[in-house]
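**Q** For the protein sequence lines, the chains are A and B, in the order given.
Each step along the first sequence adds one to the number in our numbering, with nothing skipped, and position 12 is 487.
Each step along the second sequence adds one to the number in our numbering, with nothing skipped, and position 150 is 550.
These are calculated hints, taken from the structure and not from any lab test.
In this text, all values refer to a predicted model and were calculated from it rather than measured experimentally.
Fair warning: there could be bad hints in the mix.
Unchecked claim - With a Cα cut of at most 25 Å, we get these calculated DSS-like pairs of lysine-lysine: (1) 528/A to 631/B; (2) 587/A to 689/A; (3) 631/B to 726/B; (4) 587/A to 502/A; (5) 726/B to 528/A; (6) 587/A to 599/A; (7) 521/A to 631/B; (8) 521/A to 630/A; (9) 607/A to 587/A; (10) 630/A to 599/A; (11) 631/B to 607/A; (12) 689/A to 726/B.
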Amino acid sequence: MIHFDQVSKRYEGGHEALSSVSLHIEKGEMVFLTGHSGAGKSTLLKLITRIEKASSGQLRVNGQILNRLRRSQIPHFRRNLGIVHQDHQLLMDQTVYDNVALPLIIAGEHPKDVTRRVRAALDKVGLLEREKYRPIQLSGGEQQRVGIARAVVKKPAILLADEPTGNLDPGLSRDIMELFSEFNRVGTTVLIASHDLGLIARLNYRVASLQDGKLMSTPFEGRRS
Amino acid sequence: MKHQPPKRPVAKKPVQNTANRRRDSATGNRSAWLRHHRDCARDSLLRLLRSPVSSALTWLVIAISLTLPTLFYLALSSLQAQTEQWQEGGQITLYLEQGLADEDGNRLTRELDARPEVARAYYISAEDAWESFQTTLSLSQQSLGFSSNPLPASIVVIPSQQNSSQLEALQLIIRGLPEVDDVQLDLAWIDRLNRFLELIYSVVTGLAVLLGVAVLLVVGNTIRLAIESRKDEIRVIKLLGATEAFVRRPFVYLGIWYGLLGGIAAWILVTTVAWWLRSPLTAFLGTYGLEANVAWLGFTDTLVLILASIGVSLAGAHIALQRHLKDAEPR
Numbered sequence: 476m477i478h479f480d481q482v483s484k485r486y487e488g489g490h491e492a493l494s495s496v497s498l499h500i501e502k503g504e505m506v507f508l509t510g511h512s513g514a515g516k517s518t519l520l521k522l523i524t525r526i527e528k529a530s531s532g533q534l535r536v537n538g539q540i541l542n543r544l545r546r547s548q549i550p551h552f553r554r555n556l557g558i559v560h561q562d563h564q565l566l567m568d569q570t571v572y573d574n575v576a577l578p579l580i581i582a583g584e585h586p587k588d589v590t591r592r593v594r595a596a597l598d599k600v601g602l603l604e605r606e607k608y609r610p611i612q613l614s615g616g617e618q619q620r621v622g623i624a625r626a627v628v629k630k631p632a633i634l635l636a637d638e639p640t641g642n643l644d645p646g647l648s649r650d651i652m653e654l655f656s657e658f659n660r661v662g663t664t665v666l667i668a669s670h671d672l673g674l675i676a677r678l679n680y681r682v683a684s685l686q687d688g689k690l691m692s693t694p695f696e697g698r699r700s
Numbered sequence: 401m402k403h404q405p406p407k408r409p410v411a412k413k414p415v416q417n418t419a420n421r422r423r424d425s426a427t428g429n430r431s432a433w434l435r436h437h438r439d440c441a442r443d444s445l446l447r448l449l450r451s452p453v454s455s456a457l458t459w460l461v462i463a464i465s466l467t468l469p470t471l472f473y474l475a476l477s478s479l480q481a482q483t484e485q486w487q488e489g490g491q492i493t494l495y496l497e498q499g500l501a502d503e504d505g506n507r508l509t510r511e512l513d514a515r516p517e518v519a520r521a522y523y524i525s526a527e528d529a530w531e532s533f534q535t536t537l538s539l540s541q542q543s544l545g546f547s548s549n550p551l552p553a554s555i556v557v558i559p560s561q562q563n564s565s566q567l568e569a570l571q572l573i574i575r576g577l578p579e580v581d582d583v584q585l586d587l588a589w590i591d592r593l594n595r596f597l598e599l600i601y602s603v604v605t606g607l608a609v610l611l612g613v614a615v616l617l618v619v620g621n622t623i624r625l626a627i628e629s630r631k632d633e634i635r636v637i638k639l640l641g642a643t644e645a646f647v648r649r650p651f652v653y654l655g656i657w658y659g660l661l662g663g664i665a666a667w668i669l670v671t672t673v674a675w676w677l678r679s680p681l682t683a684f685l686g687t688y689g690l691e692a693n694v695a696w697l698g699f700t701d702t703l704v705l706i707l708a709s710i711g712v713s714l715a716g717a718h719i720a721l722q723r724h725l726k727d728a729e730p731r
């Protein structure tokens, strides 16, 4: 599903954020990406979401070779990804419902389906009764769950998360990770960047570790669903 | 459930024929596209009305910028209607050879009258001229000290065209006629008036272009601020797979609304000013014995004004989007 082949990313000014990374994540797999800050986790995710373009090597995501993607094809490519951010990136002037509906509106779904699917996604993260609220009225954990609902509302093939538990206490973090596991169990490919090693260790998934832009190890094959 | 997205039926019936599926998806896309246009138009208008003071400032600037050239245009149209009234002033008087018979004079008049560049020609016999001269001065022939009529017969020619080069061509033809002794032209002032009007037209056109650029910049700047304030939102929706057109659409509609409201406001301003100037202008022109003919903005002019306003605002929005949307790429 996500295939890095000798991928490097050099920024202008010569800084090499990733050097010859080869990483293969199969369909339906759930993988954690770890490493200290500045190791290249964010860069790796930005390459997958095509915010950045690889300097060399080949990156294939969901069957598409990203280096060959034309500008006009990028939006349609991104619609197959669900992205969860550390700061959730919700639109603060819109309701929880509108935030979650956004990917469906962008894809031009029919309003009837939008309502049904938004409710289903909110139900999944346990926030159905909060649909009329504004994100600012919710707690940090709830906001993150709205972000997750928005990421999964279109049933994407791939779910990416960048430090999804970065601002949450351990209890809430476990709940969030449990949510990701649930999506993985129904076949979604999941890649989570996190430095919460304690939490990762308790979950039995494959871990890819970055250090100074190099992939250190993919030590064991985690459980597959 | 007419516009069901293709996903569900396809999932249920995987062997559905592809042509059918493509058509379903095309109608689905089109109705989604129309829906987004409608939603954007409505949301942009609501957004604009939610901050009435700042948006009113923008469309008032648009309105004032458009009012000035439109008023000049109205004044010019009025003036042109006026010069048509004065057309008769551009006459040519032909003094015929002394002793030319009235029949010859009348024949020549008919010939001139038949020419396309002549609106009207009429003959004044020597006797008629002498009579009206005496009547005007209330004097008799004897008291003037003339033993006989000293005046020649004449033909007055009123050209159909006031264009100076055509007038000069006509003048050359007339001078070549053997029966004509002398030609008196009353053309110089028409020439001057025409040139003056041309000058004013150029000034008004220049002014309109300049103020059009002002509207462009004002709308461009307003849209730039709108983009600026929604930068985070733009980043988010781009990451969620929004196309360039999707991102631009609300701002394009914002431009259309500013243009429409500015155009309507300009129409109101122009009409108010024209109404306000109507009576002093009538009084002023009346002292010259002229009939005031203040033009109003007709249906076509109004349409042109509003469409121009929308067009320029749209151009401003496009320039702003071209320049500033690049800054809102996801990070």
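**Q** Each of the hints needs a verdict: does it hold here or not?
**A** Evaluated hints:
no. : hint           : in the structure
1   : 528/A to 631/B : 22 Å, holds
2   : 587/A to 689/A : 47 Å, violated
3   : 631/B to 726/B : 10 Å, holds
4   : 587/A to 502/A : 30 Å, violated
5   : 726/B to 528/A : 16 Å, holds
6   : 587/A to 599/A : 19 Å, holds
7   : 521/A to 631/B : 19 Å, holds
8   : 521/A to 630/A : 21 Å, holds
9   : 607/A to 587/A : 18 Å, holds
10  : 630/A to 599/A : 12 Å, holds
11  : 631/B to 607/A : 24 Å, holds
12  : 689/A to 726/B : 31 Å, violated
The structure shown violates the earlier hints numbered 2, 4, 12.
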